[in-house]
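Please build the complete structure, drawing on both the sequences and the hints.
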Amino acid sequence: MTTLAKHSRSASAASASPKPQGSHRRLGDLKIALLFIAPAMIGFVVFYVLPTVRGIYLSFTEYNILGDPEWVGMDNYVAIAADPLFWNSLAVTGQYVFLNILLQTALALGLALLMHNVAKSTIIRGTLLLPYLMSNVIAALLWFWMLDYQIGVVNQFIEWSGLPRVAFFGSEAWAIPTQALINTWRHMGYTALLIFAGLQAIPSHVYEVAKLDGASAFQTFRTITIPLLRPVLVLVLVVTVIGSFQVFDTVAVTTAGGPVNATRVIQYYIYQRAFTESDFGYGSAIAVILFLILALVAFIQMKFLKGNESDLD
Amino acid sequence: MKKSLGAVAVAAAMALSLSACSGSSSSSEESATGEISYWLWDANQLPAYQQCADDFQAANPDITVKITQRGWDDYWSTLTNGFVGGTAPDVFTNHLGRYGELAENKQLLAIDEAVEKDNIDLSAYNEGLADLWVGQDGKRYGLPKDWDTIGLFYNKAMLSSAGIPEDQMKDLTWNPEDGGSYEKVIAHLTVDKNGKRGDEPGFDKNNVDVYGLGLNGGGDSSGQTEWSYLTNTTGWSHTDKNPWGTKYNYDDPKFQESMEWFAGLADKGYMPKLETTVGASMADTFAAGKSAINAHGSWMIGQYTGYKGIEVGIAPTPVGPEGERASMFNGLADSIWAGTEKKDAAIKWVEYLASADCQDVVASKAVVFPALKASSEKAAEAFQAKGVDVTAFTEHVKNKTTFLYPITDNTAKVKGIMEPAMDAVVSGKAPASSLTQANEQVNALFK
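In order, the protein sequence lines correspond to chains A and B. For the first sequence, position 32 matches number 31 in numbering that gives the first Met the number 0, and the numbering has no gaps at all. For the second sequence, position 393 matches number 392 in numbering that gives the first Met the number 0, and the numbering has no gaps at all.
If you are wondering where the hints come from, they were derived from the structure by calculation, not from laboratory data. These figures come from a predicted structure and were not determined experimentally. Built from N, CA and C at the ideal position, the CB exists for glycine as well. A couple of the hints might just be wrong.
[What the hints assert, rightly or not] Taking CB as the label site, the calculated pair distances span:
#1 A:Tyr206 / B:Asp73: 26 to 36 Å
#2 B:Phe445 / A:Tyr76: 16 to 26 Å
#3 A:Ala297 / B:Gln440: 44 to 54 Å
#4 B:Lys253 / A:Ala78: 24 to 34 Å
#5 A:Leu141 / B:Lys192: 56 to 66 Å
#6 B:Leu121 / A:Met145: 50 to 60 Å
#7 A:Pro83 / B:Asn59: 48 to 58 Å
This is how it looks when you write it as structure tokens:
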């Protein structure tokens, strides 16, 4: 193990060592480099940077889109701090993210292990990805109908088996778990594929050595697979947590925030304030807060899970 | 930073639309020709208005009308984007709950001049409809196209098996204390899984097979089809004055007492619980035999009478404690976008839509009641010819038992506050007295 690690470290050190070139040469590359970066850069500036800057500006204004934005300083933020619906939306979103990420990551890890060790057929591996190929809205509507209280097929089965019907979308207790499960179903194949790629990157001789040392399957999983998979898992978590915080389409086409306030997730609340109630300043301010929350979550995940270092080094 | 590209683009779009507006008024000859765009949301009405457009084009060969139908859910946000981006339709179907804000933000063209010049007889419309479209500034922003009221759709087979004669449905009474004969009928029509009726001993309210009354939802701020036909028979009204009220009355004990009774129906097992109504539409649930009576609007006549294998009757809403029936009276109109480049053609089209020529065509399709009195009668005849008796809807207008859809500013925000508040009450999670707090929030919007 140690020699191995040294080898790879020295190899990476060699490749990363700076080439002895003058600054003259680097500047000569600059123009060409800019040319190649430009297509991505223009898209990034026009579609990301400018809207973000404008969004931040609008968050300090009162703006109903048809008139002109009017500067109100911190008013929106002060109002948000005292807005029970905002805090409710944070709690609801938190509940959704917790359920969604927990189930999705656990199931995806299981699926990835199966793909890696058992299901080697391309067809089966491809099938796992099928729900992800469906649009979010279609998946949500499909389940909306199947889980309908009165005429849904799932409730028909529940009734046949002698249990009372469940108002999957109508009950305050069920609405968020239902939607978290639908999106788990849709995304776990894709997440599994990412983790699967991480599993394939773990060199097989590590497992061989473990086998020789007489490690059990569980020991191998706990002490080899998980630590070596960590950078990929962290990346997957960062991406899925951010995606999960931004849940919107499922809610928009099914419960639209209800019953009462049970599914008014933060993105839906932003949409409601901005596009339904024409309060774009307030909506932008919540969006800025969400942006800060997500940046913080991503930072914490990267920092404490050491996502940018690999134990393979 | 303040002048980001987006801001400049929006400002430019606004400037363009404003200049287009002022430019068109000076060159009236040019703007009376070409293609104008027209939007509506109800797909059921599209064939009727396409017919109107064809007739209009035949009479005005210089103008073509391009009709776009968009579902209600996307209609208003797409329209708002159109206003900002400069791509809004020249003429569009407008709603009472929305036009106040649009007029205030200068997105609608005032048409007083044209109405005066072209001698449009506003008294030919059903009473009150034309006045609805005069904004707070005293200017007219639309010509009425249709109206609707509320009635009770009932399943004839369920009535006869319950031994309730159809005539009895015409004389129902209601009050917030014991629900009057309306509640008795609803209770008798409710049947549990063992075949016991809602007013019989041993009725199992937790295993109901057929509900006496269907439920559409909590009703948010207006309760148009859900509860306003009851609450407004007690002398209560949504706002201090209508149109352009500045104070809502959800804190009135009279209203809260009515809502308490309404929410109680679900608790007694006579009406489905609110949580079970998320999903399938109330009309489809009725068609599936899950409810015996549904209170709904006249725009639903086609849908209810169109289900195969179900005989549907329509009864008037019950008489309330003050001795009168009540129904919300809602009307649509066609408005012109302030940014239109074809002002004169747009006015011509709006006037045509509001004329007997077009409204008779709409009447003949028997989908909705046109705004003109004469055309309304023709529509009633057209429904009669299809075997549907619509007097339950028309008699509200004839007997003047209608009240107007509450027209105020901030309607979207009022709805945003009242929707969860009403849901909480109708689902039994909160007492009706909780509406007092919601009402304070609502009235704070007007300060």
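Hints, verified against the model:
no.: 1; hint: A:Tyr206 / B:Asp73: 26 to 36 Å; result: 54 Å, violated
no.: 2; hint: B:Phe445 / A:Tyr76: 16 to 26 Å; result: 24 Å, holds
no.: 3; hint: A:Ala297 / B:Gln440: 44 to 54 Å; result: 35 Å, violated
no.: 4; hint: B:Lys253 / A:Ala78: 24 to 34 Å; result: 33 Å, holds
no.: 5; hint: A:Leu141 / B:Lys192: 56 to 66 Å; result: 29 Å, violated
no.: 6; hint: B:Leu121 / A:Met145: 50 to 60 Å; result: 51 Å, holds
no.: 7; hint: A:Pro83 / B:Asn59: 48 to 58 Å; result: 55 Å, holds
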